[in-house]
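Listed below, chain by chain, are the residues.
Number of protein chains: 2
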Amino acid sequence: MAVDPDADERGSTETEIMEATYRALCKHGYSGLSISRIADEFEKSKSSLYYHYDSKDDLLVAFLTFAVDRFEASVATERSDDPMADLEGVIERLLPLRPTDEQRQIQALLVDLRSQAVTDERFRERFADIDERLVTTLTEVIERGIERGTFNEVDATRVAEHVLAVLNGAMVARATTDREAAVAAARVSLSSYLDTVLRR
Amino acid sequence: MAVDPDADERGSTETEIMEATYRALCKHGYSGLSISRIADEFEKSKSSLYYHYDSKDDLLVAFLTFAVDRFEASVATERSDDPMADLEGVIERLLPLRPTDEQRQIQALLVDLRSQAVTDERFRERFADIDERLVTTLTEVIERGIERGTFNEVDATRVAEHVLAVLNGAMVARATTDREAAVAAARVSLSSYLDTVLRR
DNA sequence: GTCTATAGAAAGATAGAC
DNA sequence: GTCTATCTTTCTATAGAC
Chain A
102 MAVDPDADER GSTETEIMEA TYRALCKHGY SGLSISRIAD EFEKSKSSLY
152 YHYDSKDDLL VAFLTFAVDR FEASVATERS DDPMADLEGV IERLLPLRPT
202 DEQRQIQALL VDLRSQAVTD ERFRERFADI DERLVTTLTE VIERGIERGT
252 FNEVDATRVA EHVLAVLNGA MVARATTDRE AAVAAARVSL SSYLDTVLRR
Chain B
102 MAVDPDADER GSTETEIMEA TYRALCKHGY SGLSISRIAD EFEKSKSSLY
152 YHYDSKDDLL VAFLTFAVDR FEASVATERS DDPMADLEGV IERLLPLRPT
202 DEQRQIQALL VDLRSQAVTD ERFRERFADI DERLVTTLTE VIERGIERGT
252 FNEVDATRVA EHVLAVLNGA MVARATTDRE AAVAAARVSL SSYLDTVLRR
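So the protein sequences, as listed, match chains A and B.
First residue of the first sequence: 102, per the working numbering; consecutive thereafter.
First residue of the second sequence: 102, per the working numbering; consecutive thereafter.
Rather than coming from a laboratory, the hints here were simulated on the basis of the structure.
Heads up, a few of these hints could be off.
The list cannot tell twin chains apart, which means a pair is met if one copy fits it or any two copies do.
To be verified - Capping the alpha-carbon separation at 30 Å, the derived lysine-lysine pairs in DSS-like fashion look like this:
id: 1; residue 1: K128; residue 2: K145
id: 2; residue 1: K145; residue 2: K157
id: 3; residue 1: K157; residue 2: K128
id: 4; residue 1: K147; residue 2: K157
Build the full structure now, drawing on both the sequences and the hints.
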């Protein structure tokens, strides 16, 4: 997507269509999404969607890329000289304690999109890729901590998978229930777990 | 559902419809589910569905109850005199190391159904209820361990929420990616976490 | 590139015979 | 209770003018 310099341009028709799709998904969910409903969120006409995308399927695949790119950009991690702070930084970005309405919306949308991976191989590959990248990021931070001697010599990948599972589980809980206290409890417990297991 | 003695009867038309809906959901996912596709999995005709249920929506609400009841029955926990074994028992039922194809299907279906909770209040309440019950079960087991003096005096609810988040996160990963090793890693890490935190 | 109009298929739902 | 036939609405997608 970032290959074409115009692709990310604000106001390009393709971007407007992606934004309209985003709004339609938030309102109706994936199972209630239709071309007409996307057009309802779009300034131009329904048939103009078909000028830019060959089919609904084609549009949805493009949206998947769009949404995944945005998500990964929003989680992008800067490394500091404090691995524990880096870890907490990733956790806060993936599961903010006080999410804005927009953060809530994005995560709800991702949970909804992700469920399509149950029956659609293309979605499956994308979300496997996301998880793989996140585990890689987490593993690298943990290994840096081990190298610097501030962390215990744990199995970094195993701990990273544990952290990711907690984050994904809490993210799903937040998007699909009103058990906000559960999210807080999971986050607190996760921090104390990392403190116990990593800090020497 | 268990109020009416005939409701659970094998071979009752309502049960056949629920089974047909189950198969249609496995094949097409929630977003691809239609009355015609349910009828395709059903011995009788499409219009007979409307004799038993007023609308697609009505049928789906009934199916939600059916599926949740089956899930909760499959997770039902017997208590022993070994709290750690009870805990591992719940974990193994919710996230089996070697799931059968049927267990895989049920969990994939639950992940798919759950995503409807993002935009449908009725689904939201159901899944909040499921999580609440599971946390209660886990909390009780942990508190029993504390009372017996075999567990440390931890915040039982907090640990229970942590465990549930790992289980839900790994369940979603299993249903939406092919990262089976991630599930194994999360389970191993979860066990060692419980051992570290609980065992005195 | 965007529009209006519409084709053609599939959706949810009902009528009326048996 | 179940059937076939059919209605209406909604859906995806295209034709053709501008």
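To see whether the hints hold, each was checked on the structure:
no. : hint        : verdict
1   : K128 / K145 : within (19 Å within a copy, 35 Å between copies)
2   : K145 / K157 : within (16 Å within a copy, 33 Å between copies)
3   : K157 / K128 : both (18 Å within a copy, 20 Å between copies)
4   : K147 / K157 : both (11 Å within a copy, 27 Å between copies)
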